[in-house]
Amino acid sequence: DSGVTQTPKHLITATGQRVTLRCSPRSGDLSVYWYQQSLDQGLQFLIQYYNGEERAKGNILERFSAQQFPDLHSELNLSSLELGDSALYFCASSGGGAGTGELFFGEGSRLTVL
Amino acid sequence: AQSVTQLGSHVSVSEGALVLLRCNYSSSVPPYLFWYVQYPNQGLQLLLKYTSAATLVKGINGFEAEFKKSETSFHLTKPSAHMSDAAEYFCAVSDKAGTALIFGKGTTLSVSS
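Here the protein sequences come in this chain order: A and B. Heads up: the first sequence begins at 5 in the working numbering, then just goes up one per residue. Heads up: the second sequence begins at -17 in the working numbering, then just goes up one per residue.
Simulated from the structure, these hints should not be mistaken for lab results. Glycine included, every Cβ here is placed at the ideal spot set by N, Cα and C. Take the hints with a grain of salt, since some may be wrong.
Beyond 10 Å from chain B on every Cβ pair, some chain A residues (computed) [unchecked claim]:
| # | residue |
| --- | --- |
| 1 | R22 |
| 2 | E58 |
| 3 | F73 |
| 4 | E111 |
Stretch by stretch, here's where chain A covers chain B in the computed footprint (C-beta under 8 Å, at least three residues) [stated by the list, open to error]:
| # | stretch |
| --- | --- |
| 5 | 27 to 40 |
| 6 | 75 to 83 |
If we take Cβ atoms under 10 Å as the criterion, some of the chain B residues that face chain A in the derived model are [unchecked claim]:
| # | residue |
| --- | --- |
| 7 | Y14 |
| 8 | Q20 |
| 9 | Q24 |
| 10 | F45 |
| 11 | K87 |
Starting from the given sequences, assemble the full structure and let the hints guide the process.
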């Protein structure tokens, strides 16, 4: 158990809809990262938040957005969903800037868009 | 920008055989390097990490990796494969702690009896 909690584990929705994925980081971790894992693209970094502020952006689509709340949990919002958005979405967390750089991953939220 | 190349999307070995999974990285600064394992329907679990201390890094479940700067490689090995090692393995790189990891495309390891 990594200590990172993601909900929901599975989500099935239709094209054009909007969903929200939730992540609770490990106790004490200030950084949250979102990744998308698909068969064709592999593991793609989407976005990082640190203590409530956006720190880095990766390959995140404009239809996607995220935020980190004062209690440090994070939400990833996916809107105007397309079939190609079907993927496994991972949240990971890490401590502050110091440390050895590893990320701790949740078990993921599997999104299926029909 | 950093990048990672994992040679071989699929590796098959017999139980008891040597496991060798290849990873080459590109980084403009001394990198942080990682190997993660993903079992079916699970998240990623850290196997081992290199952070500029010893070049030979030992991880969990008998895995180890050697950092070779001259070859920009960080290959993962295990002397004797077990059936339970069957999983997907990812190599990852970052240029400093507290930043996102860049992952390779992964290598699926199959172990036959």
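Hint check results:
| no. | hint | in the structure |
| --- | --- | --- |
| 1 | R22 | holds, 24 Å |
| 2 | E58 | holds, 12 Å |
| 3 | F73 | holds, 20 Å |
| 4 | E111 | violated, 4 Å |
| 5 | 27 to 40 | holds (count 4) |
| 6 | 75 to 83 | holds (count 7) |
| 7 | Y14 | holds, 4 Å |
| 8 | Q20 | holds, 9 Å |
| 9 | Q24 | holds, 6 Å |
| 10 | F45 | violated, 15 Å |
| 11 | K87 | holds, 4 Å |
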